[in-house]
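Please take these sequences and the hints and turn them into a complete structure.
Chains as they are written, first to last, in our numbering: chain A, 1 to 255; chain B, 256 to 552; chain C, 553 to 955; chain D, 956 to 1248.
Quick caveat, the hints were computed from the structure, so don't treat them as lab data.
Take these hints with a grain of salt, some might be off.
[Claimed, not checked] Pairs of lysine-lysine residues, derived as DSS-like cross-links and limited to a Cα-Cα distance of at most 27 Å, are as follows:
#1 C:K818 <-> C:K790
#2 C:K916 <-> C:K886
#3 C:K792 <-> C:K758
#4 C:K758 <-> C:K722
#5 C:K736 <-> C:K758
#6 C:K916 <-> C:K722
#7 C:K924 <-> C:K858
#8 C:K705 <-> B:K365
#9 C:K679 <-> C:K755
#10 B:K366 <-> C:K679
#11 C:K679 <-> B:K365
#12 B:K366 <-> C:K755
#13 C:K755 <-> B:K365
#14 C:K792 <-> C:K722
#15 B:K366 <-> C:K705
#16 C:K924 <-> C:K886
#17 C:K820 <-> C:K789
#18 C:K705 <-> C:K679
#19 C:K792 <-> C:K818
#20 D:K991 <-> B:K337
#21 C:K736 <-> C:K792
[Said to hold, decoys possible] Here are a few chain D residues that sit away from chain C, every Cβ distance over 10 Å (derived from the structure):
#22 L1019
#23 V1020
#24 F1241
#25 S1242
Ideal placement from N, C-alpha and C gives every residue a C-beta, glycine not left out.
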Amino acid sequence: MPILELTSLSKHFGGVRAVDELDLTVEEGEIFGLIGPNGSGKSTTVNLICGVLPVTSGQVVFEGRDITGRQPHRVLAAGVARTFQNIRLFGYLSVWQNLWVAQNSMEDRRRENFAKRWFFGSGAERDTVDEQLEFAGLIDKRNELAANLSFGEQRRLELARALAARPRLLLLDEPAAGMNLEEVQALDGRLRTLQQAGVTIVLVEHVMELVMGVTDRIAVLNFGRKIAEGLPAAIREDEAVQQAYLGGNVGTMHA
Amino acid sequence: MDFFFGLLQIIGVHTILGLSAYVVLQTGQVTLAQAGFFSIGAYVSAMLTVLAGWHIVPALLVAATAAGIVAGIVGFPALRIKGLMLVVATIAFGEFIRLFWFNFDYQIEKKGIVVGPQGGEGFKQIRFFPENGWSTLDVAIFIWVIVALIMLALWWTDRSRAGAVLRAVGEDELAAQSVGINLTAVKVGAFAAGGFIAGIGGAIYAHYTTHIEHLNFGVMLATFAIAYPILGGLRNVFGTLVAVIFIQGFLVEGLRFMGDWRNLLFGALIVLAMNVQPRGLIDERSVRLVRGLFTRN
Amino acid sequence: MLDSKLVRLGAVAALAVAASFGTQSEAFSAEKTVQIAGFGAKSGVVRSFGINTEAVLTGAIEAVNAAGGVKLADGSMAMMELTFYDDRCNAEEGISVLRRIAGSGAVVAIGPTCSNVAEPLFGILQKNVGDEGDSGLQIPVFTDTAIKGGLAKISQWAFRNVPNENQMYKSLFEWINSEHPDLKTVYGGVEEDFAHSRFTWHKVMKERSPEAGYEVLGESKWLLNDTNFTTQVRQMKKAKADIVAISAHPFTTCGVLKEMTRQRVKPKLLVGLTSSSSMETLQGCADQAEGIIIPTSFAPVTEAAKAAADAAAKYEGSADLHSAAAWEIVMILKQVMEAQGISADGDAVDADRRAIRDGLASLKETDGLLGKIQRTDEGEAVKPYLYVHAQAGQWAILHDPSQ
Amino acid sequence: MDWLDFFQSITDGLLFGSIYALIGIGFTLIFGVMHKINLAYGAASIAGAYVSIAVAAYVPLPALVTFLIAAIASGAIALLIYLANFRFIPLASPLATLMATVGMLILIDEVVVHATDGMPQPYPALFADIYIEWGDFGLRGDLIFIFVLSLIAMVVLMFMLYRTRLGIATRAVAQQPVAAQLAGISLDRTNALTFVITGLLGGLAGAMIGASVGVLSPLLVVPITVKGLIVCVIGGLGSIPGAIVAGLAVGAFENFFLAFRGVTERDMYVMLLLFVFLVFRPGGIFSRSVARD
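The following block contains the structure:
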């Protein structure tokens, strides 16, 4: 059963078609890779799904409901969380507070009334934050300012923050950028754990090798259009994909 | 002693003004409209006590609510703009309110005298305090009870999840939205809360100066409103208080003996302070320093 | 490193604060002094007013002291001593300064400069003397400069020695009518957002000139800090009035006069605002202001007035209609203090203040630099006045209505 | 409504608007390059004009030279502002910079007040005795001169920005600060130079205001700061052509409302104009649909 469906989704900036008539279906429970050279419209697609950018035309359907053009916080409330290509933590908030502000799952909202939720936080909520920190392996750093964390820790915190609202779909925008091999492997393990926990993952990446091992299916974008879709092995052999990656796109090779 | 109580009143009212901007600044929005909301509090409360004969407390609450509602309404269009645009938009809005009072004429006859706001000539004889026998000390205590309540509320907010959310929005709006924070609600809420607090300040101002006119609520007052929290630091509410004491207590009152040199020093010291302490007088370093003083033995 | 600097900086700041607050209980001298407090604006665009008032006050007190000082109730003589404060023309600061004065040993406060300070200031004074239910301050305030009409009636503790504009402009228009019977119409120009200028056009000039037989054709309005007067002067030009009366402070008065010159608007007569009869106008636009007629309560025409002007010049100020009033105030106060018999005793400040207030309130007539000053029940003065006009960069006497 | 009055008020306002345009360009240029606001800019402009008459008090100078001195003096003050308020305050503390410029505004204002005791000072003008009339329609010669001079200054500025090395460096820093640095452009020097350029323009504007009113006063500072900021936003942040058109438009607009609604309401309409732009065209006059922040 599809969890996310994009139907002829388009985004034009003036004359530039950043995303052009994109059709995409992500099945529940899979790790889906969205790859493409720099500037191929991957991040724009994520921003369109999350409501950061207004859609020019087309539809975003999540779990059978149309969420096109919803504001970002309502997209999150629907069950879609994301991370950013360039890490966007709240640098002057502590690690703990970074997770605290992200406790916005539907259960959180229903469970507590306004005053309790905003001004008189319960002990249960604090325990939840601690648990999430534990899971992310950042419990020792709970009182550090987020800006003072190492790069890898910041990535982990951002992932934990995205998970805090217990999303059913997670959009990861180049989570491996800047990581070394060891960290990438750790990330792979983490994604598998999440998958087992029932979270569907869309992994956006421009370095092909990184997504081959972990994804179930892959779609390739170039110039805002989908040029290929299929199993990792098939994508690797696809001529159009190789053409796109080698066809003068300098940015592809660095990791 | 009356003088010190009087100074306490001034420091109290300016602290309220500064705190009204503090709330909005926490969400990363620079507002120069606080003088406008302050003036709404002043005019509305004065009309209630002078024209309608109300007691100061309900008048103050109604006036602050009015200012809060107007501020909330400003908050909506302000959502779309940031940075310099917001600075200019809020200046314009504050000036718009000021000019409204400049053109606002409404007088009635009470006990044989005509009272009420009178356009460019202002609104005189707002004498609730002296007429009801409140001494300078009484007024100072009244003001400081209010200041304490506001500071307590904001201090509590700072420590609650709401405070963390305000700061999160201030740091990165997009990230905040993406973790599920309703930007509209937070920003409009902050504006409305700031307007409400400014309204309280304005209501007290009108009654302890007994006379208000539109020129009192110009761009310079709005600038001071944000100067206090910025100079004091946005780390916590005490920064604003420290900055008000620094400006009103030290620069204005303390340096009065310097006569006409005082004003020259005034600007220069602000420039210096911002160069030495760009994150405000109360920042991580000065907090550590003060803690060190008490623990070093 | 930096931290220790911070500590030192903080210590210096704390000392400065302590020093400035601690100055009130100095002077334990053997001789008694009568403490007088002056206050006014010494910062901002109205700075020259405060400077002039302070200079005149210093000179006047020096003159009183040189003549032996003030005779106290016990027959001894005491010197007058002045402390002057800057209120920055700001209502809150004015109130704070007055509270500081009220907390000091000063028996009377002289000031302020600005009407927008005077109005709230008088508001925090006790409204009716002896009203126990009214917690307002109880110290006599005697104003030299703030001139907006009808302020002293706000409180029985407030007194002013400022000219009565209603009377001055009424008689000025009547005089002009008799001198130039051919002039029939008046057009006004008003700085609309400043308390004094606005009041003087709308409540004084505009109402008094018809009483003298003139027809008011209209008015142009501008704001305190306007820069472009093209439209206003064009309106003025269209009206083709015989007399143009400008109620504005020197900065915009000059701006408008220059614009009038450009557009060749030449009324047969120009009338100006009392406050513009200072040097400021002539410094800004002597050529364009040539001939403008202003009623004033001061000009160095008598011996006493010359002495006041010289004393002000000695302390780098100038005596004009505003600051010269401070001289008269000091002289009036000396007379009142001696008549009431004050003690100048630090413990009896309240009694002295009350005595001075009562003395001031009971005055019907005092001496002034230009002649006798009448005092009204509301604490206002009716001062002798002259008409001056600008002539070759100087203010020259045009007419003395008392003769 | 009388058509003659209509054209007259619009024309007067348009001519005077050239001064708003100069001030607006100053704000917009600094914003474009540094993404910061310099609230002391208006004060520096007026202070430059004051310096020029102080010089003229010792050496008799022709009016044009006085204007030039005003520009140079204001350029120097602008450099001082850069050093005191921008150079040493970390980029990450925009609020501190904003506040420091407020302190600077107060300081400059008060220095001027101290030097002159707040008294208005006469300022020389050119062609002030020329008044062109066609029936009831009239034009001020000095305003035409100011208008032309401002246009020349703007053309020179555009030439500098688009045709000289310095201008290209400035624009490079504005668009891609990191890349510009990699290309060997000193950020610091470019920023400082931007300040000097804006200062020169501001000084000229200050002199023109002095010339058009005929007198200088510290009272001018706050209103021109507010108007300059409004022009800068209506024109679109960072857009020089936008600031020029917006300056002229605001001048015409406010003068129109002065003539037909009176001075007490005039500025309310200017504020409303700004709100209209913020709501419907947040990117300014020449924006391409997408709003910048």
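Exercise. Between K736 (chain C) and K758 (chain C), does the CA-CA distance stay at or below 27 Å?
Worked result: It holds: about 14 Å lies between the C-alpha atoms, which stays within 27 Å.
For this session: Compare the distance between the alpha carbons of K758 (chain C) and K722 (chain C) with 27 Å, and conclude whether the hinted pair is satisfied.
Result: holds, 10 Å
For this session: Please work out if K366 (chain B) and K755 (chain C) have their alpha carbons no farther apart than 27 Å.
Result: holds, 22 Å
Problem set entry | Cβ separation check - F1241 (chain D) to all of chain C, threshold 10 Å | holds, 26 Å
Exercise. Is the hinted pair K366 (chain B) and K705 (chain C) satisfied, with a Cα-Cα distance of at most 27 Å?
Worked result: Distance of about 16 Å is within 27 Å: holds.
Exercise. Between K366 (chain B) and K679 (chain C), does the CA-CA distance stay at or below 27 Å?
Worked result: holds, 15 Å
Exercise. Does S1242 (chain D) sit more than 10 Å from chain C, CB to CB?
Worked result: holds, 29 Å
For this session: Given the hint that K705 (chain C) pairs with K365 (chain B), test it: the Cα-Cα distance must not exceed 27 Å.
Result: holds, 17 Å
For this session: Could you let me know if the closest chain C CB is still more than 10 Å away from the CB of V1020 (chain D)?
Result: With a cut-off of 10 Å, V1020 (chain D) remains clear of chain C, as the shortest Cβ separation is near 21 Å.
Exercise. Within 27 Å, alpha carbon to alpha carbon, are K916 (chain C) and K722 (chain C)?
Worked result: holds, 22 Å
Problem set entry | K736 (chain C) paired with K792 (chain C) [C-alpha distance capped at 27 Å] | Satisfied, since the Cα-Cα distance of roughly 11 Å is no more than 27 Å.
Exercise. Taking 27 Å as the top limit, are the C-alpha atoms of K705 (chain C) and K679 (chain C) close enough?
Worked result: holds, 9 Å
When the structure is compared with the earlier hints, no violation turns up for any of them.
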